[in-house]
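Asker: Based on the provided sequences and hints, a complete structural model is requested.
If you're matching them up, the sequences are chains A and B in order. So for the first sequence, the working numbering puts the first residue at 1; every next one is plus one. So for the second sequence, the working numbering puts the first residue at 1; every next one is plus one.
Do not take every clue at face value.
Think about it this way: if two alpha-carbon atoms lie no more than 30 Å apart in a straight line, the pair counts; the simulated DSSO-like pairs of lysine-lysine are [said to hold, decoys possible]:
#	chain 1	residue 1	chain 2	residue 2
1	A	K85	B	K329
2	A	K87	B	K477
3	B	K396	A	K85
4	B	K477	B	K396
5	B	K319	B	K396
6	B	K396	B	K329
7	B	K329	B	K319
Not the full set, but computed from the structure, chain A residues with beta-carbon under 8 Å of chain B [as the list claims (entries may be wrong)]:
#	residue
8	K85
9	K87
10	Y127
Please keep in mind that the hints were generated in silico from the structure rather than gathered at the bench. It should be emphasised that the depicted structure is a prediction, and the values quoted were computed from it without experimental measurement. Even for Gly, the Cβ is constructed at its ideal location relative to N, Cα and C.
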Amino acid sequence: MANPHSAEPVVIVMIEDDEGHARLIERNIRRAGVNNQIVPFANGTAALEYLFGEDGTGAVSAQRALLILLDLNLPDMTGIDILAKVKANTHLKRTPVIILTTTDDQREIQRCYDLGANVYITKPVNYEGFSNAIRQLGLFLSVMQVPVAD
Amino acid sequence: MALTEISLIRRIFVLMLAGVLSLLAIVGLTLWLTARVSDHSDEVVRARNTRLLSATLLSLLQDMETGQRGYLLTHDPRYLEPYEHAKPQVDETLGRLEEMIESDPSGPAEARELRETVSAKIAELSETLARANAGDDAGALAIINSDRGRNLMDTIRGQINEIGQRADGRVRDRLDAMQQSTHSLMLVSIFASLLILMVAATAIWTTTRYTRELVQARREVETANASLEARVQERTADLTRANEEIQRFAYIVSHDLRAPLVNIVGFTSEMEAGLGTLQRAFAAKDNEAPDTAALEEAREVTTTDLPEAIGFIRASTTKMDRLINAILKLSREGRRELRSERVDLGPLLATAAASVQHQLDEHGARIELGERFPVIQSDRLALEQVFGNLVDNAVKYLAPGRPGHIRITAEESLSGVVVEVADNGRGIAANDFERIFELFRRAGTQDVAGEGIGLAHVRALVRRLGGDITVDSELGKGSRFRVRLPRYSRHV
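Answerer: What follows is the structure in structure tokens.
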């Protein structure tokens, strides 16, 4: 995964409360040959702090090349809150957000796309499907271009 | 007493019947009295005629006597004129008088006697005149001197007088009777009029009362209709809310149960992959040198991957077990039959406060209770759980760095009571006000252990008691949980 404007490699921000899921996602991304740094967060509060900085303006993410992997069901807030905040922020709005969650509720999916989600992937219980999905996501990540936030 | 339609109709009918009967009585009595009056006046006329005829008869007889005396003295036929004139009339007058009195009990006998004396008198007069005409003046005088004529005349006078007096008496009696009848008629009229007035008044009163009751009943029906609509709306809102809760619950449960399942399946597959690596490492035949790279990989699998996978699988099964237990607990709580009893909120809240005293002392925090708490009808155990949970939460989420202060107060409203549990803790962000009441969901920094069950349980309980719970909070300042409870809990 490359960043055309800067030498700095893209950082994958993984917001996933379930440690097991996080581990499985990381493994499968690595298996797909994506070696970018993955920064994991187990809850929304910590993730927001990382993305928006202590002042909450998002200025901290300017010049960062990020890609967000987001679970919707977090212990302290919903992923939709985070998605809305990211897409409403001047510095972060172009950052790709990939929703990776267990729910396949149609309204939820529509809502995420309405808010500006780039990709919505359902975690299948069937592991073949799960790892396939992640690996394909990995392949996808390896070719996609990520803009630098400004 | 409420009037039914049938009893009203019956009552009105009876009243009208009474009125009609009174009127009929008045009319009947009046007719009877009128008949009596005309009867009386006939009688009065008859008595007057009797008097008149008696007088006429007497005067005729006197005329005849006068004529007789004049003729006897003068022998002048002119003096005989009154005699001749009166004679034919006597019989007629006597006949009419007889008619008048013959209806009296003693009438016919008197009439007979009168006719006999009158005949005797006329015979005496005729005899004297006959003698005088024959030239026997002395004989005629002798008859007169015998006082026969005078005696007869006296008898006639007496008889006529008696007849006249009896007629007078009859008139008097009749007048008395008439006066009495008139008096009776007046009394009956007054009584009947009063009765009719009473009947009319009662009828008016009954009808007015019935109409008023009808209006009242209609008003009640209208009110009931309106409140029925409100009740239906309330129930519909309850049902909609319950339905949404169930959907939300199903969504949360399916998601939360699926998450560990994904782990179990995923790490089982990882273990399978690890097993493949191990099998490859130990696949070398005895005489072949072991594949060092494969052995290295196998070491990695046995020391890192497999323990990690087993750890996640175990954690996931534990988590699933915990979730299932939580769901079971909620379901059991939801099935528990609520018992309505008299609950004094004062002691109940004091107990809830006392149970966290130890933790408060540790944190240097204090809890304060309001002065007055109402008594309500509700389920004691449910209330203990509700307020126990709220107080626990208030203690659990105190803001670090400032002395905690929890305050429990109550206020009464028209619809019920509101108990407020306020703290100066860390507070809750506005967009989490709904989320904190959802099952397995929590808000804010996750630095305190918890399952995300407490408030979901609290809200379910409060709603079962017929109330509701809301939160008002500012992040970093504190929270206020308001529990609205009905004074008399309805149990569904």
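Asker: Are there hints from earlier that the structure breaks, and if so, what are their numbers?
Answerer: Of the numbered hints given earlier, those the structure breaks are 1, 8, 9, listed in rising order.
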